[in-house]
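Given only the sequences and the hints, what does the whole structure look like? Please build it.
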Amino acid sequence: MSSIPMEYHGREQAYVKHTILKTYLQRLFMIIGRNETVINYVDCFAGPWSEESEDLHDTSIGISLRLMKDCAKSLEEVHGCKVKFRALYIEKNKTAFAKLKNFLDNDTSECVSSRCIQGDYTTKIDEVAAWASHHFTFFFIDPKGWNKVINAPVLAPLLALNKAEFLINFMYDFLNRAMAMKSQQTNVEELLGKTVKFSGDETAAQRQQIIVSQYRQAICSLYGGRSAHVTVERPGMDRVLYFLIYLTRHPKGLIVFKEAAEQMHMLQRVSQFETKLRHQSSKRAPVDDLFGGFEEPEVMHAQDNRTLAKTYVLAQLSSGALLIDNECWAGFLEQTDFYPSDFQLAFKELVKEGKIVNLDVEVKKRTKKPVRPNWARASEHWALTQK
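Just so you know, the sequence shown maps onto residues 1 to 387 in the numbering used here.
No lab work stands behind these hints, which were simulated from the structure alone.
Among these hints, one or two may not hold up.
[As the list claims (entries may be wrong)] Cut-off 20 Å, straight-line C-alpha distance, at most; resulting in silico cross-link-like pairs (SDA-like, lysine to any residue): (1) Lys197 - Ser213; (2) Lys368 - Gln214; (3) Lys387 - Thr311; (4) Lys84 - Ile32; (5) Lys148 - Ala205; (6) Lys92 - Lys69; (7) Lys368 - Ser318; (8) Lys73 - Met30; (9) Lys69 - Gln118; (10) Lys69 - Thr123; (11) Lys22 - Lys73; (12) Lys84 - Asp70; (13) Lys69 - Met30; (14) Lys92 - Thr123; (15) Lys368 - Asn358.
All figures in this text were calculated on a predicted structure; none of them were measured in a lab.
Given below as structure tokens:
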């Protein structure tokens, strides 16, 4: 039996994207809701689209509304916190907007107040910023293109909000093609904040890293916070379709996002395997071919990450003992493409090899997570072992 719901077959990338949206938002709302009485959610490209179900349960609309209702209930029952959720959905297409409005009109809830706006969100940004300005707001920006919709100057009024986090779809596959077109050079430079030059010797992975890092730098120059990204691949292919760029001003937010991203990464491995399996089966491929060329590269990738993470950790400790609190741990995750488990395994192996030591406690009994970052009063110092 497939682990990917039938309604997502053919658009597995949406399932991967929706999974991280659900996983992260649930944790975010439960954390923020203990200190905020009102939480805003804004979907700038709400849809729904023709390939999605009639009841919208497999859309960002349905997913976000269910999450807000569930979290409002849990916050009150478990923590005694009564939180009001406000949701704003923006959609340009008139047909899709009519479906969106009809859905929201028939979805009533005391704990979630929802509204929708028809039009190009880039022309509504000042209105949206005013609507969101007094409370914590999570922005989901999920365009089908890249040109003039996620540029830092376009988002500037939203990026300037004091309490705001973002999840932005960076359509890498489309952008990468456009970068080879002379007619698109100005648009590309506006998106990335400057001209990006290549030697021509870069691997595909290096090119991706250069481009996504430059966008993160451009967007954070106005936002003034932290960023991270995760990769979403084209279904059944070892090829990047888009990156999801996350922005936060809180170290704990970045840590939680990377934990959710790691779960998404594992789900994507399963999704890609099942998609390739279906494609191969439809071609009546030999049984051996169904499993060929998939698992081994992933295993090697995990080992490479661990080795590179060990090198990174040793470099960070080379100048002296380091207090690994939330701020430091978030920095590790932001500056690299590694997941929390990559670093935990790296620390575990380095301790076993006698290369590093925890100066405050004995960690041999911590079999899975030797590092326990927290605020300074509860955090621990790590250092290279003295020879």
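Exercise for the section: Identify every previously stated hint that the structure contradicts and give their numbers, smallest first. Expected result: 2, 5, 6, 7, 9, 10
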